[in-house]
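First residue of the sequence shown? That's 241 in the numbering used here, and the numbers climb one at a time after it.
To be clear, the hints were calculated from the coordinates, so they are not data collected in a lab. Built from N, CA and C at the ideal position, the CB exists for glycine as well. Don't take every hint at face value.
Pairs of lysine-lysine residues, derived as DSSO-like cross-links and limited to a Cα-Cα distance of at most 27 angstroms, are as follows [said to hold, decoys possible]:
#	residue 1	residue 2
1	417	427
2	466	427
3	466	417
So the derived label-pair ranges between C-beta atoms look like this [to be verified]:
#	residue 1	residue 2	range
4	490	517	53 to 63 angstroms
5	484	521	31 to 41 angstroms
6	457	433	32 to 42 angstroms
7	460	409	45 to 55 angstroms
8	377	496	24 to 34 angstroms
9	486	521	28 to 38 angstroms
10	412	539	16 to 26 angstroms
11	518	490	46 to 56 angstroms
12	499	412	20 to 30 angstroms
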Amino acid sequence: MAYPKDLSFSALLEVCTRENYYPNLPITSDNRLGRQKRTAGHSLLPLRDLPPGSSLSPAPTCTLHPLEELRLFCESCGLLSCRDCALVKHLGHKIHPVTEIAGRHRVQLQGALIKSEPQLEAMEAALHTIQEAGEDLKRSVDFLRKEVEDFSDGYIRAIQEHRVRLLQDIDEEMLQKEQALSLRRAKIHQQLTDLHTATTFTRDLLDNGPDLHIVRAKALVLGRLKQLNQGDHSQLEQAEADRIVFNAKQEAGLCRGYQMYGMVQRCGVDPERCQVRGPGLQFVHQGKLSSFTLTCSTPFGDQLENKGAPPRVTILHKESG
Numbered sequence: 241m242a243y244p245k246d247l248s249f250s251a252l253l254e255v256c257t258r259e260n261y262y263p264n265l266p267i268t269s270d271n272r273l274g275r276q277k278r279t280a281g282h283s284l285l286p287l288r289d290l291p292p293g294s295s296l297s298p299a300p301t302c303t304l305h306p307l308e309e310l311r312l313f314c315e316s317c318g319l320l321s322c323r324d325c326a327l328v329k330h331l332g333h334k335i336h337p338v339t340e341i342a343g344r345h346r347v348q349l350q351g352a353l354i355k356s357e358p359q360l361e362a363m364e365a366a367l368h369t370i371q372e373a374g375e376d377l378k379r380s381v382d383f384l385r386k387e388v389e390d391f392s393d394g395y396i397r398a399i400q401e402h403r404v405r406l407l408q409d410i411d412e413e414m415l416q417k418e419q420a421l422s423l424r425r426a427k428i429h430q431q432l433t434d435l436h437t438a439t440t441f442t443r444d445l446l447d448n449g450p451d452l453h454i455v456r457a458k459a460l461v462l463g464r465l466k467q468l469n470q471g472d473h474s475q476l477e478q479a480e481a482d483r484i485v486f487n488a489k490q491e492a493g494l495c496r497g498y499q500m501y502g503m504v505q506r507c508g509v510d511p512e513r514c515q516v517r518g519p520g521l522q523f524v525h526q527g528k529l530s531s532f533t534l535t536c537s538t539p540f541g542d543q544l545e546n547k548g549a550p551p552r553v554t555i556l557h558k559e560s561g
């Protein structure tokens with residue numbers, strides 16, 4: 241609907257209620273309210289007083305009869321019709337005004353709408369359930385992620401503490417072995433000093449001593465040399481073949497509630513794991529040579545490498561304990 245350009249938007253708009261009003265006709269303004277000359281005698285209804293749902297669009301016109309509006313409905317054909325088509329194409333059919341048919345159709349549509357309400361509510365409920373399930377899933381995933389992060393962080397802290405303990409164990413083992421080596425070195429050094437002194441005295445006695453001194457000192461010198469030569473020879477042997485090893489599969493107890501693995505241990509000879517084989521074990525005679533094979537193993541069951549001094553074996557009679 242077109243309005244004069246000089247008409248203010250705040251002016252009261254009114255609408256013609258006559259059915260023979262054609263909005264497509266040219267508009268000429270005859271007063272301030274934009275009244276059309278063709279509709280000057282028609283009754284007017286304020287736009288604000290229109291009932292809800294009312295439409296201002298005109299009824300469609302027939303394609304065969306452009307001057308006729310489609311205000312009839314043929315139930316037999318299910319088509320809109322004008323008056324001329326109702327008298328020709330739909331002659332003998334059930335023809336009703338569109339307003340009457342629209343009322344019945346409105347009832348049917350309302351019934352279908354009412355029937356759709358449960359499905360609509362069910363779908364909305366299902367959608368709400370899915371949304372809640374998605375939120376629950378997100379919360380559960382966040383909780384699981386927090387659990388995994390806490391577990392991982394705790395495990396990492398426990399492993400770091402266990403690592404510190406293992407390094408401390410290595411330092412302690414190294415300190416003990418250094419102390420043992422230092423003590424052994426001091427004993428050997430003392431024995432070496434005593435033997436040097438004795439041999440130097442003996443050599444000087446033989447080279448420069450008079451016969452009388454040799455005769456007098458002979459017993460003392462031989463006793464001292466014999467004592468030094470028959471000293472503790474275990475100090476002269478190589479250190480034991482034990483070494484510090486890391487056993488990664490050994491359970492190391494709990495740390496912060498987590499089971500730890502890996503221990504620092506000494507890898508020496510385990511007498512309970514050693515094996516002796518050979519024919520020389522059947523008959524052994526004192527003072528006679530006997531041959532057999534001794535296999536030395538660590539506490540982990542590993543055989544020791546062939547390094548260091550040969551092991552000393554003492555054979556006792558089974559009745560002597």
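Item to check | 27 angstroms limit on alpha-carbon distance, applied to hinted pair residue 417 and residue 427 | outcome: 15 angstroms, holds
Item to check | Distance restraint evaluation - residue 412, residue 539, Cβ atoms, bounds 16 to 26 angstroms | outcome: 18 angstroms, holds
Item to check | Outcome of range test on Cβ distance (residue 518, residue 490; 46 to 56 angstroms) | outcome: 33 angstroms, violated
Next on the checklist: Assuming the hint says 53 to 63 angstroms, is it satisfied by the Cβ distance from residue 490 to residue 517 or not?
Outcome noted: For residue 490 and residue 517 the Cβ distance comes to about 29 angstroms; the hint is violated.
Next on the checklist: Would the hint linking residue 466 and residue 417 be met if the CA-CA limit is 27 angstroms?
Outcome noted: Outside the cut-off at roughly 31 angstroms; violated.
Next on the checklist: I want to verify a distance hint. Is the separation of the beta carbons of residue 377 and residue 496 within 24 to 34 angstroms?
Outcome noted: 31 angstroms, holds
Item to check | Hint check for residue 433 and residue 457 - Cβ pair distance inside 32 to 42 angstroms | outcome: Once the Cβ atoms are compared, 20 angstroms apart, the range 32 to 42 angstroms for residue 433 and residue 457 is violated.
Checklist entry - Are the Cα atoms of residue 466 and residue 427 separated by 27 angstroms or less? => result Within the cut-off at roughly 18 angstroms; holds.
Checklist entry - When you take the CB atoms of residue 460 and residue 409, is the distance between them in 45 to 55 angstroms? => result 51 angstroms, holds
Checklist entry - Falls inside 31 to 41 angstroms, the C-beta gap from residue 484 to residue 521? => result Holds, at about 34 angstroms.
Checklist entry - Is it true that residue 499 and residue 412 lie within 20 to 30 angstroms of each other by Cβ? => result Taking Cβ atoms as reference, residue 499 and residue 412 lie about 23 angstroms apart, which means the hint holds.
Checklist entry - Taking the beta carbons of residue 486 and residue 521, is their distance inside 28 to 38 angstroms? => result 36 angstroms, holds
Comparing the model with each numbered hint stated earlier shows that hints 3, 4, 6, 11 do not hold.
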